[in-house]
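Undergrad: Okay, here's what each chain looks like letter by letter:
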Amino acid sequence: GAATLQNAVINLVALREHARQALIDVLDSQRGKKTLVLDRSLSGALGLVAEVATLKEHGVDKILYLTPGPLETDCRSVLYIVRPRPELMEIVAQQIHDAPPGSERNHAMRFVPRRTLLCEKVLEAKGVYGDLELGEYDLDLVPIDEDVISMELPLSFRGPFLDGDRTDLFYAARALMKLQALYGVIPAVKGKGECARQVFDMVARMGRERAGDQPAIAPEIDTLILLDRSVDLVTPLATQLTYEGLIDECFGIQNGYVDLDPEIVGNTNANAAGRKIKTALNSNDRLFGEIRDLSFNVLGPLLNKRANIISENYNERHQAQTVSQIRDFMKKLNQLQQDHHSLQIHTNLAERISQLTRTLSFSHRLEAEHALLDGPESVLPFIEQAICRQEPLAKVLRLVCLESLTAGGFKQKAYNHLRREILQTYGYDKIFTLENLDKLGMFKMQQGKSSWEKLRKQLHLIVDDCDESRPNDIAYTYSGYAPLSVRLVQYAHKPGWKSIEEVMKLLPGPAFEERQALPQGVVQEPKKRSVTVVFYLGGVTQAEISALRFLSQQDDSRDYIVVTTRLINGNSLIDSVTEVINNNLVLG
Amino acid sequence: LCVLEAYARSTLKQRMDGMRIATEFYGSADAFSAKATEEQTRLLGLQAELEAEFNNRARSGEASLFVDRSVNETVHSLLLLGKMRQAEKVAAQMKVPDKRLCWIKARAFVQMQAWDQLERL
Numbered sequence: 001g002a003a004t005l006q007n008a009v010i011n012l013v014a015l016r017e018h019a020r021q022a023l024i025d026v027l028d029s030q031r032g033k034k035t036l037v038l039d040r041s042l043s044g045a046l047g048l049v050a051e052v053a054t055l056k057e058h059g060v061d062k063i064l065y066l067t068p069g070p071l072e073t074d075c076r077s078v079l080y081i082v083r084p085r086p087e088l089m090e091i092v093a094q095q096i097h098d099a100p101p102g103s104e105r106n107h108a109m110r111f112v113p114r115r116t117l118l119c120e121k122v123l124e125a126k127g128v129y130g131d132l133e134l135g136e137y138d139l140d141l142v143p144i145d146e147d148v149i150s151m152e153l154p155l156s157f158r159g160p161f162l163d164g165d166r167t168d169l170f171y172a173a174r175a176l177m178k179l180q181a182l183y184g185v186i187p188a189v190k191g192k193g194e195c196a197r198q199v200f201d202m203v204a205r206m207g208r209e210r211a212g213d214q215p216a217i218a219p220e221i222d223t224l225i226l227l228d229r230s231v232d233l234v235t236p237l238a239t240q241l242t243y244e245g246l247i248d249e250c251f252g253i254q255n256g257y258v259d260l261d262p263e264i265v266g267n268t269n270a271n272a273a274g275r276k277i278k279t280a281l282n283s284n285d286r287l288f289g290e291i292r293d294l295s296f297n298v299l300g301p302l303l304n305k306r307a308n309i310i311s312e313n314y315n316e317r318h319q320a321q322t323v324s325q326i327r328d329f330m331k332k333l334n335q336l337q338q339d340h341h342s343l344q345i346h347t348n349l350a351e352r353i354s355q356l357t358r359t360l361s362f363s364h365r366l367e368a369e370h371a372l373l374d375g376p377e378s379v380l381p382f383i384e385q386a387i388c389r390q391e392p393l394a395k396v397l398r399l400v401c402l403e404s405l406t407a408g409g410f411k412q413k414a415y416n417h418l419r420r421e422i423l424q425t426y427g428y429d430k431i432f433t434l435e436n437l438d439k440l441g442m443f444k445m446q447q448g449k450s451s452w453e454k455l456r457k458q459l460h461l462i463v464d465d466c467d468e469s470r471p472n473d474i475a476y477t478y479s480g481y482a483p484l485s486v487r488l489v490q491y492a493h494k495p496g497w498k499s500i501e502e503v504m505k506l507l508p509g510p511a512f513e514e515r516q517a518l519p520q521g522v523v524q525e526p527k528k529r530s531v532t533v534v535f536y537l538g539g540v541t542q543a544e545i546s547a548l549r550f551l552s553q554q555d556d557s558r559d560y561i562v563v564t565t566r567l568i569n570g571n572s573l574i575d576s577v578t579e580v581i582n583n584n585l586v587l588g
Numbered sequence: 001l002c003v004l005e006a007y008a009r010s011t012l013k014q015r016m017d018g019m020r021i022a023t024e025f026y027g028s029a030d031a032f033s034a035k036a037t038e039e040q041t042r043l044l045g046l047q048a049e050l051e052a053e054f055n056n057r058a059r060s061g062e063a064s065l066f067v068d069r070s071v072n073e074t075v076h077s078l079l080l081l082g083k084m085r086q087a088e089k090v091a092a093q094m095k096v097p098d099k100r101l102c103w104i105k106a107r108a109f110v111q112m113q114a115w116d117q118l119e120r121l
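As you go down the protein sequences, you meet chains A and B in turn. Per our numbering, the first sequence starts with residue 1, numbered consecutively. Per our numbering, the second sequence starts with residue 1, numbered consecutively.
Note that these hints are calculated values from the structure, not bench results. C-beta: ideal position from N, C-alpha, C; glycine also. The reader is advised that the hints may include incorrect statements.
[Said to hold, decoys possible] Covered stretches of chain A (in silico footprint by chain B; criterion: 3 or more residues with CB under 8 Å from a CB of chain B, positions within the stretch not fixed):
hint, stretch
1, 92-102
2, 536-542
[To be verified] Pairs of lysine-lysine, PhoX-like flavour, derived with a Cα cap of 20 Å:
hint, chain 1, residue 1, chain 2, residue 2
3, B, Lys95, B, Lys83
4, A, Lys439, A, Lys454
5, A, Lys498, A, Lys454
6, A, Lys449, A, Lys413
7, A, Lys413, B, Lys83
8, A, Lys305, A, Lys276
9, B, Lys35, A, Lys444
10, B, Lys35, A, Lys411
11, A, Lys457, A, Lys411
12, B, Lys95, A, Lys413
13, A, Lys505, A, Lys457
14, B, Lys89, B, Lys99
15, B, Lys99, A, Lys413
16, A, Lys527, A, Lys505
17, A, Lys454, A, Lys505
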C-alpha cells in the first residue's frame, strides 16, 4: 500500500489527510449511490490519497475509467473526476448524450485542480453545460513517500518550458501557499531559473493578498530552494545508476508503484500468468528503504548478506527450547516472513536488471555518456550506430541531446546529417519533435563555445575516485558524475551561491535569494535539524532524490524534502516533448 | 503548421499538395525543413507507385506496405518482397548512406533467414 509517512521530518500525514478530506467532501456532495468515472491519468495519484474502501464508504458503487463510448451503469448519479483537458470534455458530452432516455441520470464533474474556460466552452458547444454540476477538486500535493511530494502534473516540463503555458506554474505557487498554510511561512527562499522567479513572485503576491490572515505557526521549513528543470537538463538525460533509478529506467515507476511480472514477485498462481502485478516501492518496505538509494553495483553482495542473515534467523527456531523461547521466535516470525518476501522480490528484480546492465550495449552506452559528461567529446559514430540499429527514438534522442548540451550544439554539417538520419529512420513526422528540441536548446546548431567544461570543473561534477560501496560524494548516484542540480543545492547552503556567481551566470535564468517576513508575533525557533524543501519545477529523477537523501545523511543539521511537479526520467522527459501528429491519411 | 495541416488531410493527393505548399512556405528561411518536406513529398510519390505495383491487397483496406512509412521501412518491405533492385533504387533516390542501408539489409535478411545473402554483405 501507500507509504505510512510515519517517519517524515514534517507531518506529511496532515497533507495527505487534507487531500483525503477534500475528496470525501467531493464524494459526499452527491447523494446516494454513485458511479465514479476517473481520468486514467489521475487514478495513481488518487490511489495514494484514499483507498477503495474509503470510496465505498462514501457511496461509490462502481469505479470506471473515462474512455470513449457509452457509460455502462444503472446508478442515477454519475461523478466525473478529470483533468481539465478539452478532449476529455468531448467524451463526457457524448456519454451524457448517450444516456438512455428516462434514466434521469445526474451528472457532476470535478476538475483537478481547477476548471478552465476552454473546457467550459467545449461543454457549452456540445450543449451539455447545463446538464452538469461543475466543481473543482484541489488535489495538488500528493505525498509519494516520507520525503517526496509530487504534484503529478503530466505536462509539467513541456507546459512552461516549451509551450510557454504558465498554468502549471500557477498551480505550483498555489501548492506552495498550501505548504505554508500547513507548515508556516518559509523564511529563506532561493531560486534559479525563469520559472522559479515567476513562481516565487506569484507566491509573494498571494502572500500579500492574504496578509493578516496567515496562520501564526512557527515555521517548520527553514529554506525553500526553487529550481527550474531547464537549469539542469543534462542530469535527467544520463542513465540513473541507483537501484531505484534503474528500476525506473527499466520498468518505469508510476506514483510510487511499479508493474512487475508475476515471476519477480514470486507469485506462481496460474491465473496471474502474463498479468503484471502492481508493487509498491516505498519506505514501508524496510529492505527497500535501505537499498533504494545505493549504487546498483554494490547491491548484489548486500542482498546476499541479507539472505544469510534471514536464514540464520530462521535457524534460531532449532535453538528454541523452552516455551517462552518459542513464543519469542513466533513474535519475530511475522517480521521475518515479511523481510523474506521483500528480499525475494528485490533479489529477483535486481537479477532482471543486471541481465540488462551486463549487456554490451548497456555498457557501451554508459561509456558514451561518460565520455560526453567528461567532454567536450563527440560520440557521433556511436549515435549514428544507434540510429542504424533502430533503437527506440527516445533512447537515441537522449544521447543526441546529451551531446548537444555538453558540446554546446552540433556543427552545421553534423547537425543536418543527424536530423536527416533520424527523419529517414523514424519517419518524417518526427520533424516537429526535432523542432521542439531545438526550441528548448536541447538539440541545436553550435553557437559559440560550450560552457560545460567550466561548469564541470568549477562544480566538480566529475568525481574520479568515487567509492560506490562507501560513497563520499553525491556522484555515486551516476557512477562518477555528480548531478548538477543537487550540486547547486549543496552550494546553496555551503558556501552559498555568491561564491559561485560566475558559474550561476552560465546557467539559464536569474538566481535570487530572498527572505519572507514571518507573520507578526511568530518567532523562528532554533532547531537541531532544519528542513529544506527543494522544489523542482519540471520534474526530478529518482537518482537526484537519492543524492538529496545522501546529503540529508551527511549533514547532521539539515533534512531535505523534495517537492516536484512530476517524477521523471530521461525517456519520459523526451516523450513529453515528442509531438504526436494527427494523421488522417486514409488509403484507397 | 502547413505540414500539420497536410497531415490532417485524408487523401494522398491532398496530402502531397499540402506538403508542396509547406515546402514553399519554409522557403529559404529554413532550408533544412524545406528540403526534408520536399524529400517527404518525393517519398510519398514513390510509395504510391510501389503500393500500386506490389501490394494488390491494399484495396481491401488493409494496412499499407509503403505509403506513409519511413524510408527505412519502405526499403525493408521491398527487401522482404525480394525486390532487391527496387530497394536499392529507392535507397539511392532517397540518398540513404551505405552504412545504414547495410543495416537495413542485414535486418531484412535475418528476418527472411536468407543466410547466404547475409553472408555476402
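Undergrad: For each hint, tell me whether it holds in the structure or not.
TA: Results of checking the hints against the structure:
1. A count of 0 residues in the stretch 92-102 of chain A with a Cβ less than 8 Å from any Cβ of chain B is obtained; the coverage claim is therefore unmet, three being the minimum.
2. Counting residues of the stretch 536-542 of chain A whose C-beta sits closer than 8 Å to any C-beta of chain B gives 0, which falls short of three, so the coverage hint is violated.
3. A distance of roughly 18 Å separates the Cα atoms of Lys95(B) and Lys83(B); the hinted pair therefore holds under the 20 Å criterion.
4. This hinted pair does not check out: Lys439(A) and Lys454(A) have alpha carbons roughly 24 Å apart, beyond 20 Å.
5. Between Lys498(A) and Lys454(A) the alpha-carbon distance is near 17 Å, which keeps this suggested pair within the 20 Å criterion.
6. For the proposed pair Lys449(A) and Lys413(A), the alpha carbon gap of about 17 Å is at most 20 Å, so the pair holds.
7. With a C-alpha separation of about 33 Å, the suggested pair Lys413(A) and Lys83(B) falls outside the 20 Å cut-off, and the hint is violated.
8. Annotation: proposed proximity of Lys305(A) to Lys276(A) is violated, straight-line Cα distance about 29 Å (limit 20 Å).
9. Between Lys35(B) and Lys444(A), the direct Cα distance comes to roughly 18 Å. Compliance with the 20 Å bound is thereby established for this hinted pair.
10. At most 20 Å may separate the alpha-carbon atoms for a hinted pair to count; Lys35(B) and Lys411(A) meet this at roughly 18 Å.
11. Distance check on the hinted pair: Lys457(A) and Lys411(A) sit about 24 Å apart at the alpha-carbon level, beyond 20 Å; violated.
12. Between Lys95(B) and Lys413(A), the direct Cα distance comes to roughly 16 Å. Compliance with the 20 Å bound is thereby established for this hinted pair.
13. With a C-alpha separation of about 15 Å, the suggested pairing of Lys505(A) with Lys457(A) holds against the 20 Å cut-off.
14. Annotation: proposed proximity of Lys89(B) to Lys99(B) holds, straight-line Cα distance about 16 Å (limit 20 Å).
15. At most 20 Å may separate the alpha-carbon atoms for a hinted pair to count; Lys99(B) and Lys413(A) meet this at roughly 18 Å.
16. A C-alpha spacing of about 33 Å is found between Lys527(A) and Lys505(A), which places the hinted pair above 20 Å, so the restraint is violated.
17. The straight-line distance between the Cα atoms of Lys454(A) and Lys505(A) is roughly 11 Å, inside the 20 Å bound, and the hint therefore holds.
In this structure, the earlier hints numbered 1, 2, 4, 7, 8, 11 and 16 are contradicted, and the remaining ones agree with it.
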